[in-house]
Amino acid sequence: MSPLVPDNSMNNTKSTLFILRSTPYQGHRALEGIEAVLAASVFEQPLGVLFIGDGVWQLKKQQQAEQIERRNLAALLSSFPLYDIESVYVDESSLEGKHLHSNDLLLPVSTLSAAGMAELVANHDTVLTF
Amino acid sequence: MSQLHTLNKACFEHSAVQDCLKALADGDALILLEDGVYLTDKFDSALKGRNITLHVVQYDAAARGLHPQNAAFIDARQFVTLCCEYNKTLSWY
Amino acid sequence: MAADFDKEGFLLDLSAWNRDIAEQIARSEQIELNAAHWEIIELARRFYTQHEHSPEMRPLVKYVKQELGDDKGNSLYLLSLFPDSPAKRVSKIAGLPRPANCL
Chain Y
32 MSPLVPDNSM NNTKSTLFIL RSTPYQGHRA LEGIEAVLAA SVFEQPLGVL FIGDGVWQLK
92 KQQQAEQIER RNLAALLSSF PLYDIESVYV DESSLEGKHL HSNDLLLPVS TLSAAGMAEL
152 VANHDTVLTF
Chain F
24 MSQLHTLNKA CFEHSAVQDC LKALADGDAL ILLEDGVYLT DKFDSALKGR NITLHVVQYD
84 AAARGLHPQN AAFIDARQFV TLCCEYNKTL SWY
Chain R
7 MAADFDKEGF LLDLSAWNRD IAEQIARSEQ IELNAAHWEI IELARRFYTQ HEHSPEMRPL
67 VKYVKQELGD DKGNSLYLLS LFPDSPAKRV SKIAGLPRPA NCL
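Listed in order, the protein sequences are those of chains Y, F and R.
The first sequence begins at 32 in the numbering used here and counts up by one.
The second sequence begins at 24 in the numbering used here and counts up by one.
The third sequence begins at 7 in the numbering used here and counts up by one.
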């Protein structure tokens with residue numbers, strides 16, 4: 032399981048946590064968030080992504096976005112490992128509330144309790160929410 | 024007089040959802056569309072025992088990777104037909 | 007070949023792409039396509055189909071490494087085939103959109 036503390040072993044690194052809380056296809060907030068994550072990964076600084084609330088729906092497998100003529104966010108998210116984005120977290124109560132399990136999700140995730148999320152936020156220099 | 028309601032919000036605690044629940048009367052119908060499809064199971068439970076028909080827009084569910092069991096799916100044409108069949112359509116957003 | 011390109015030479019209508027057009031674009035980039043080039047072009051197109059965006063350098067290198075092994079999955083190999091900016095050049099020749107974060 033990925034550690035909650037980002038690797039700040041190099042000097043002058045700034046770690047960023049992205050909190051994604053929007054449903055995938057209502058407006059464009061979710062897409063903006065994912066694009067921001069991919070853009071940030073270029074800088075090779077420690078990066079974490081937390082899916083919470085409605086945001087966990089972004090990870091749902093089998094999305095057929097072509098049915099509503101939208102860009103498939105699942106397709107974008109599935110590229111995270113290729114960008115070395117491996118610190119992916121999900122709020123466990125958000126999953127439970129939606130009757131979702133880790134095997135419904137398209138990425139390997141670490142599930143967190145409320146305390147775990149507070150620690151995650153504290154351990155990152157910058158937090159951006161989408 | 025039966026009314027048709029539509030709902031497009033994903034969060035059950037959202038005021039649009041709660042207001043819609045209060046406004047639903049026996050004989051009415053409810054269409055879940057866009058993000059509203061995420062609430063299919065919750066509404067199935069909430070409307071048990073009531074004479075309210077629940078419809079779910081199929082392409083919105085498929086787009087989101089949802090395949091709820093026993094959902095009464097409708098397509099675009101059926102959506103329009105329903106709107107014409109009812110006296111009024113109340114959109115909750 | 008009546009295909010339209012933008013100012014940088016990226017195909018405007020992605021559905022118009024075919025191998026002849028790829029050769030045409032490659033020629034304008036002073037690249038003669040051989041089997042090694044095509045192997046990478048096909049991988050980039052597969053990446054695009056799977057992930058709905060054009061691969062930038064890092065994910066491209068990692069993807070090539072995953073699919074073709076360490077010998078080819080490194081920047082030097084890709085630079086030898088597609089000089090200067092491999093990710094941008096590969097996407098152009100493969101008929102894909104310009105990668106989002108290419109400088």
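If you are wondering where the hints come from, they were derived from the structure by calculation, not from laboratory data.
Be aware that one or more of the hints could be misleading.
Stated by the list, open to error - Label-pair ranges, simulated between beta-carbon atoms: (1) R:ASP10 <-> Y:SER124: 47 to 57 angstroms; (2) R:ASN40 <-> Y:ASP156: 25 to 35 angstroms; (3) Y:ARG102 <-> F:LYS111: 49 to 59 angstroms; (4) R:ASN107 <-> F:ASP42: 42 to 52 angstroms.
Stated by the list, open to error - Distance condition first, Cα-Cα at most 20 angstroms in a straight line; then the derived EDC-like pairs of lysine to aspartate or glutamate: (5) F:LYS45 <-> F:ASP64; (6) F:LYS65 <-> Y:ASP135; (7) Y:LYS91 <-> F:ASP64; (8) R:LYS78 <-> R:GLU58; (9) R:LYS71 <-> Y:ASP135; (10) R:LYS68 <-> Y:ASP135; (11) F:LYS65 <-> Y:GLU75; (12) F:LYS71 <-> F:ASP51; (13) R:LYS68 <-> Y:GLU123; (14) R:LYS71 <-> Y:GLU123; (15) R:LYS78 <-> Y:ASP115; (16) Y:LYS129 <-> F:GLU57; (17) Y:LYS129 <-> F:GLU108.
Quick reminder that beta carbons are idealized off the backbone N, C-alpha and C, glycines included.
Practice prompt. Check each numbered hint from earlier against the structure, then list the numbers of those it violates in ascending order.
Written response: 2, 3, 8, 9, 10, 11, 13, 14 and 17
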